[in-house]
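**Q** Sequence:
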Amino acid sequence: MLSGWTTHGRLACPYCNGATDAFQLKNGRKTSWFDCHRRFLPIGHPYRRNKTLFRHKRVVRDTPPPYLTGEETEKQLDYYGALETVPRGGNWHVPPNMPDSYGVHHNWHKKSIFWELPYWKDLLLRHNLDVMHIEKNFFENIMNTILNVPGKTKDNIKSRLDLPDICSRSELHINSNGQVPVPIFRLSSEKKSVLFNWVASEVKFPDGYVSNLSRCVEKGQKFSGMKSHDCHVFMQRLLPFAFAELLPTNVHEALAGIGAFFRDLSTRTLKVEVVEQLQENIPILLCNLEKIFPPGFFDVMEHLAVHLPYEALLRGPVHYGWMYQYERAMKYLKGKAKNLAKVEGSIIAGSLTEETSHFTSYYFASKVRTRKRAPRRYDDGGVAPTYAVAGVPDIFSQIGRLGGKSKEVWWSSEEDAHSAHTYILLNCEDPLIRYFERYNKFEPFILASQADQVSYLPYPRMRESGINWLSVIKVTPRGRIISGEEPPLQEEQINEVEEPEQQIDDILLIDPHNHEYEDLTDDGTDEAVEDEFNENDDVSSDDENVSD
Numbered sequence: 019m020l021s022g023w024t025t026h027g028r029l030a031c032p033y034c035n036g037a038t039d040a041f042q043l044k045n046g047r048k049t050s051w052f053d054c055h056r057r058f059l060p061i062g063h064p065y066r067r068n069k070t071l072f073r074h075k076r077v078v079r080d081t082p083p084p085y086l087t088g089e090e091t092e093k094q095l096d097y098y099g100a101l102e103t104v105p106r107g108g109n110w111h112v113p114p115n116m117p118d119s120y121g122v123h124h125n126w127h128k129k130s131i132f133w134e135l136p137y138w139k140d141l142l143l144r145h146n147l148d149v150m151h152i153e154k155n156f157f158e159n160i161m162n163t164i165l166n167v168p169g170k171t172k173d174n175i176k177s178r179l180d181l182p183d184i185c186s187r188s189e190l191h192i193n194s195n196g197q198v199p200v201p202i203f204r205l206s207s208e209k210k211s212v213l214f215n216w217v218a219s220e221v222k223f224p225d226g227y228v229s230n231l232s233r234c235v236e237k238g239q240k241f242s243g244m245k246s247h248d249c250h251v252f253m254q255r256l257l258p259f260a261f262a263e264l265l266p267t268n269v270h271e272a273l274a275g276i277g278a279f280f281r282d283l284s285t286r287t288l289k290v291e292v293v294e295q296l297q298e299n300i301p302i303l304l305c306n307l308e309k310i311f312p313p314g315f316f317d318v319m320e321h322l323a324v325h326l327p328y329e330a331l332l333r334g335p336v337h338y339g340w341m342y343q344y345e346r347a348m349k350y351l352k353g354k355a356k357n358l359a360k361v362e363g364s365i366i367a368g369s370l371t372e373e374t375s376h377f378t379s380y381y382f383a384s385k386v387r388t389r390k391r392a393p394r395r396y397d398d399g400g401v402a403p404t405y406a407v408a409g410v411p412d413i414f415s416q417i418g419r420l421g422g423k424s425k426e427v428w429w430s431s432e433e434d435a436h437s438a439h440t441y442i443l444l445n446c447e448d449p450l451i452r453y454f455e456r457y458n459k460f461e462p463f464i465l466a467s468q469a470d471q472v473s474y475l476p477y478p479r480m481r482e483s484g485i486n487w488l489s490v491i492k493v494t495p496r497g498r499i500i501s502g503e504e505p506p507l508q509e510e511q512i513n514e515v516e517e518p519e520q521q522i523d524d525i526l527l528i529d530p531h532n533h534e535y536e537d538l539t540d541d542g543t544d545e546a547v548e549d550e551f552n553e554n555d556d557v558s559s560d561d562e563n564v565s566d
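In the numbering used here, the protein residues as written are 19 to 566.
Check before you lean on any hint, since a few could be wrong.
[As the list claims (entries may be wrong)] No farther apart than 30 Å at their CA atoms in a straight line, the calculated lysine-lysine pairs in the DSSO-like style are these:
1. 170 with 309
2. 48 with 69
3. 492 with 209
4. 492 with 245
5. 354 with 154
6. 390 with 154
7. 139 with 170
8. 170 with 245
9. 360 with 154
10. 356 with 69
11. 237 with 209
12. 69 with 176
13. 354 with 309
14. 154 with 48
15. 385 with 352
16. 154 with 176
17. 48 with 139
18. 360 with 349
19. 237 with 170
[Unchecked claim] Derived CB-CB ranges, DEER-like:
20. 259 with 238: 43 to 51 Å
21. 132 with 334: 15 to 23 Å
22. 271 with 494: 34 to 42 Å
23. 367 with 90: 28 to 36 Å
24. 432 with 208: 29 to 37 Å
25. 26 with 262: 45 to 53 Å
26. 286 with 47: 54 to 62 Å
27. 372 with 61: 53 to 61 Å
Just so you know, these hints were derived from the structure itself, not from any lab. Cβ atoms here follow ideal geometry from the backbone N, Cα and C, with glycine treated the same way.
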């Protein structure tokens, strides 16, 4: 990191510093942050006194580690003798002499060059945890463990061997015959099929909102090829309700709480009271996960979530600090690099070529098709269908073109045609909430500026039910700019009209039928107002005459 703190090992968390409770797993040989979050709970919380759901016979009375100020951090760097960054430094550079107690009491491997800035010691946000990668790694750990992906799950043999020494969960211990019990958080083969079929066929978002998630389903066994934004959408939009019928209630609620936490944290606007509430809720959410998953599940990515609300209070909304915009910019620049021998020059040449073609396209004839004038992705200039009757629903008026060989269908009787039409109307793909029922609380007639785009998604179900409930997800239309200003609508108090104060003498009456001209005379007796500029000119001219 730019701050000089090494982000691996037992002291990977830059905020907990040397006061962390992380420990090394004996069989897994990895650092675990299991049962490190009860200290962030209020003093009187019952989780602090629980001796069975967390570590063996352990009662937590410690308070959260304090956040160090800039002066305290600088004193710590000077105390351990951290070296400054050498001129040829970089990610590959390792100082020849590491500071004392490195990896034991601290993880400072250098004193960053930023400490030469006069304001750096007063800056509270010096680490800026990346929410994008924390959310992605958190999601991958959850899905790989629930789906029991070989080689990637956190619930393996080594993790089960560490359980007897840490937790009192006899139902998950390996028995004398060497058999491994199935945990409650693992999906069976049947439930996996339901989940993957749901993602592949029923999860549909508006164009441009997310990539095609059905392509990420690999042979019905795992998700692969998911980008950071795909994990972002699944974590915040689908995780809160995806496992409602696939997992037990306590597991589903724990996972839904994590998805809702990242959802509330990633909003465009943040209120202080909302972030403070998130800061109080995240230790409880992590403790709920600790009651379910094994100690090997909790690495540093799960732990860093407890510090994200604190950074949000210092920085503001997360879109000012995560890596989405920077990685998109790097992808754009890397796409311009055609000559790997001269990368920088190739990027400049490609950018100049694109700018030249972009600006010259404005001077082409209107019939010339350019990239700037290209239609939308799915707009091929199709035609709207015409019907012989009026009042056809909009869902049957989609603009497009017919494909294949034309066919004519003749009905033997009017009853058959009516039956076919009725079947189409009752089985069309027009999503509704609780079919053929309406919630009469809200006004059905609204303005266009008051409408929001939503997406209707069904639940992944293990059994069919007569109630067709759908999950409504509010999405942002592609290319729409969100403004904090309210639309200029008519005020509510329309009956209170203020009469303007105006004297009758100031009103000029005009006869529209009289086209004659009349000379206006000024009958006023007021003296003419003297112009200060003319007065100054007279004085200057007198001075010139005197000088002459």
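**Q** If a hint holds in the structure, say so; if it doesn't, say that too.
**A** Consistency of the hints with the structure:
For the hint pairing residue 170 with residue 309, the CA-to-CA distance comes to about 21 Å; that is within 30 Å, so the pair holds. At roughly 24 Å between alpha-carbon atoms, residue 48 and residue 69 fall within 30 Å of each other, so this suggested pair holds. Only pairs whose Cα atoms come within 30 Å are accepted, and residue 492 paired with residue 209 is accepted, the gap being roughly 27 Å. Between residue 492 and residue 245 the CA atoms are separated by roughly 21 Å; this keeps the pair inside 30 Å, and the hint holds.
Between residue 354 and residue 154 the alpha-carbon distance is near 27 Å, which keeps this suggested pair within the 30 Å criterion. A C-alpha spacing of about 34 Å is found between residue 390 and residue 154, which places the hinted pair above 30 Å, so the restraint is violated. Restraint check for residue 139 and residue 170: the C-alpha separation of about 41 Å exceeds 30 Å, so the hint is violated. As the CA atoms of residue 170 and residue 245 are separated by approximately 17 Å, the hinted pair is consistent with the 30 Å bound.
A distance of roughly 33 Å separates the Cα atoms of residue 360 and residue 154; the hinted pair therefore is violated under the 30 Å criterion. Distance restraint check for residue 356 and residue 69: the Cα-Cα separation of roughly 61 Å exceeds the 30 Å cut-off, and the hinted pair is therefore not satisfied. A threshold of 30 Å between alpha carbons decides the hint, and for residue 237 with residue 209 the separation of about 14 Å falls inside it, so the pair holds. Restraint check for residue 69 and residue 176: satisfied, since their Cα atoms lie roughly 23 Å apart, inside the 30 Å limit.
At roughly 49 Å between alpha-carbon atoms, residue 354 and residue 309 are farther apart than 30 Å, so this suggested pair is violated. Distance restraint check for residue 154 and residue 48: the Cα-Cα separation of roughly 20 Å lies within the 30 Å cut-off, and the hinted pair is therefore satisfied. Taking the CA atoms of residue 385 and residue 352, the gap is about 33 Å. The hint is violated against a cut of 30 Å. Pair hint residue 154 plus residue 176 holds up; C-alpha atoms about 24 Å apart against a cutoff of 30 Å.
At most 30 Å may separate the alpha-carbon atoms for a hinted pair to count; residue 48 and residue 139 exceed this at roughly 34 Å. For a cut-off of 30 Å, the pair hint linking residue 360 to residue 349 stands: about 17 Å separates their Cα positions. With a C-alpha separation of about 16 Å, the suggested pair residue 237 and residue 170 falls inside the 30 Å cut-off, and the hint holds. Taking the beta carbon of each, residue 259 and residue 238 are about 21 Å apart, not inside 43 to 51 Å as hinted.
Taken as a hint, the range 15 to 23 Å holds for the pair residue 132 and residue 334, whose Cβ atoms sit roughly 21 Å apart. With their beta carbons about 27 Å apart, residue 271 and residue 494 fall outside the hinted range of 34 to 42 Å. About 50 Å separates the C-beta atoms of residue 367 and residue 90, a value inconsistent with the hinted range of 28 to 36 Å. As the Cβ distance of residue 432 to residue 208 is approximately 46 Å, the hint placing it in 29 to 37 Å is violated.
In this structure the hint that residue 26 and residue 262 lie 45 to 53 Å apart at CB is violated, the actual value being about 37 Å. In this structure the hint that residue 286 and residue 47 lie 54 to 62 Å apart at CB is violated, the actual value being about 42 Å. For residue 372 paired with residue 61, a C-beta distance near 60 Å keeps the hint of 53 to 61 Å intact.
In this structure, the hints that do not hold are numbers 6, 7, 9, 10, 13, 15, 17, 20, 22, 23, 24, 25 and 26, in rising order.
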